[in-house]
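K.L.:
Now for the letters of each chain:
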Amino acid sequence: MSTVDELIRIENLTVHYETDDAVVHALNDISLSMKKGETLGLVGETGAGKTTLARSILRLIPSPPGIIKSGRIFFEGKDMLTLSEAQMRSIRGNSISMIFQDPMTSLNPVMSVGDQIMEVVEAHNKALGKEEMEKQALSMLEMVGIPASRSHEYPHQFSGGMKQRVIIAIALACNPILLIADEPTTALDVTIQAQVLDMITALKNRLNTAMLLITHDLGVVAQNCDRVAIMYAGQIIELGTLSDIFKRPTHPYTKGLLGSIPSLNKEVKRLSPIKGMMPDPTDLPPGCKFAPRCQYASEVCKQDVPPSYQVSTTHQVRCILAREEVHNG
Amino acid sequence: MKTADAKKQRTLSAETWRRFKKNKLALSGMIVLLALVLIALSTIVIDLVTDNAIYNNKVIKQNLRLRLQGPSKDHIFGLDEFGRDIFMRMIWAVRYSLFMGTIAIALSTIVGVILGSIAGYYGKVTDNIIMRFMDVLLAIPSMLLATAIVAALGTSLTNVLIAIAISYVPTFARTVRASVLTIKDQEFIEAARAIGASDLRIIFKYILPNSMAPLIVQATLGVAGAILSIAGLSFLGLGIQPPTPEWGSMLSSARSYIREGWHITVIPGLGIMITILALNVMGDGLRDALDPRLKN
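Protein chains in written order, with our numbering: chain P, 14 to 342; chain X, 2 to 297.
Hints should not be assumed to be uniformly reliable.
Unchecked claim - Simulated coverage check for chain P against chain X, where a stretch passes if three residues somewhere in it have a Cβ under 8 Å from a Cβ of chain X:
#1 116-122
#2 129-143
To be verified - Listing some non-contacts, in silico: residues in chain X with all C-beta distances to chain P over 12 Å:
#3 Ala179
#4 Asn211
#5 Leu237
Claimed, not checked - Examples of chain P residues toward chain X, derived with CB under 10 Å:
#6 Pro77
#7 Gly106
#8 Met111
#9 Ile183
#10 Ile193
Everything labelled a hint here was simulated from the structure, so no lab data went into it. Don't be surprised by glycine CBs; every beta carbon is placed ideally from N, CA and C.
So that you can see chain P by itself, here it is in the shape it has in the complex:
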């Protein structure tokens, strides 16, 4: 599996949130890998474990109650889960950085935005002089389209879209190799969404950064990603290239997701949502997690967790229906 240009590989990652009342099975046996410079879209409903996965990579799961039960995360060949806290700190914000969901609350309200960008630079390039750092912070601001003269202003003086730009500037200030964007546009209105996404993509391409884009908007995925991973109840149920997922969706859940998007071409009276609710993560069904909502589910589905089938070299599906496809195709 391991290739030269592989950037990060997650193997059988399982994360639980253990409280006195119940154990939340947030991630169940996740395996995933990303190449340098590629954009992977991570799609799933609320509560599917997308954010937990992103935080596990940076080892920022709130603990307690979060525990990484098993699995390994290799970043540039190093096993991240064995690193010390100090080593992790030198990775965070430097090689891997993260854009948070809500720009309104992700900035320190009492520090000017210029200082906040300088914070990252300062944390990772201690040798740099103050002037150098300031210059770099200003150039980052300019890069995300904010005039450098506004660097002395405070977060409350910026609009939501501008704040998200500042956050992007912070995330990219140290030229990370991997950028984790956790629903970067959910809190913004649609016109700003497009701007911000275009900017992230442009900057990412310029700096040759890989990106893990977490979203529940399939439109965003279609525009920005090379590959897509669909998550459901803490598992990756389908993983493939953009055309694998959008042209040949195999898992009933993926089909359902695509089916619930309104189409521009066809006259549709009613959307067809997926019936039912996501299972309670403290009490997951024993077999396929999607079986209770799946119209194709058989008895086997309810008993055994389906393995991941390799439908093609790029396309993996965790559903026994895919087995037939492997046989047929």
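Following the hints, complete the assembly by docking chain X onto the known chain P.
P.N.:
Here is chain X on its own, set in the frame of chain P:
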């Protein structure tokens, strides 16, 4: 464009000062405090230059024939129960009342901030150990605690300072811990962690600046309380020893003569009141000026 440039040049302290200036009440509070500091410093210099001559002849010299005399042309604040000039005593007392209160609170703020932020940030066992110890201190009335500490350590200026500082630590630790707890779960703290900031950096650059408001109010009120505590200790004979003038002890000892001469109680009382008022309005203004969200 010119205004934008001017704005850019302004540093954080200049910006704070600009906002502080707008609050005239706070500004007058600061002027009063500066005047008091100036008075205190000049008395110290006078004592050094004159080799305590004025102190010995005017401040602590008794004149029992003139005791309890009301304000007059020679003695504008009148004379106290031992016939000492109250005006001179008030002026010579500034250094003890103001400086000791301020230093004691500065000490307890530093200790309280460190303990409170460690307890709030790390939580769990650390929090329990620190805060239960603070609870023990809080359970003892602060006056009693200070008395006990001075009694144990012996009476001296430093020991009074230490005693008062210790008895105020728990309130500061509690205040800081409470604001740390509300701030540490906010998203920007997590964002700070995601850029690789260490715990120390997060506490000092992200959490503490955001919890300044209650702390400043607490500290200015604390100075007022500390001045009164010093007075109380002096009254019990554990603080500043007579005949050294100190507003609190002047007030305490004047209490029994309130029927014979009202001025000897009122004047030190007014002194304490004005100082505390000045501290409070300045603290209020400072809190507003330091918060960039309340700009303009």
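K.L.:
Looking back at the numbered hints, which does the structure fail to meet, lowest number first?
P.N.:
Violated hint: only 4; rest satisfied.
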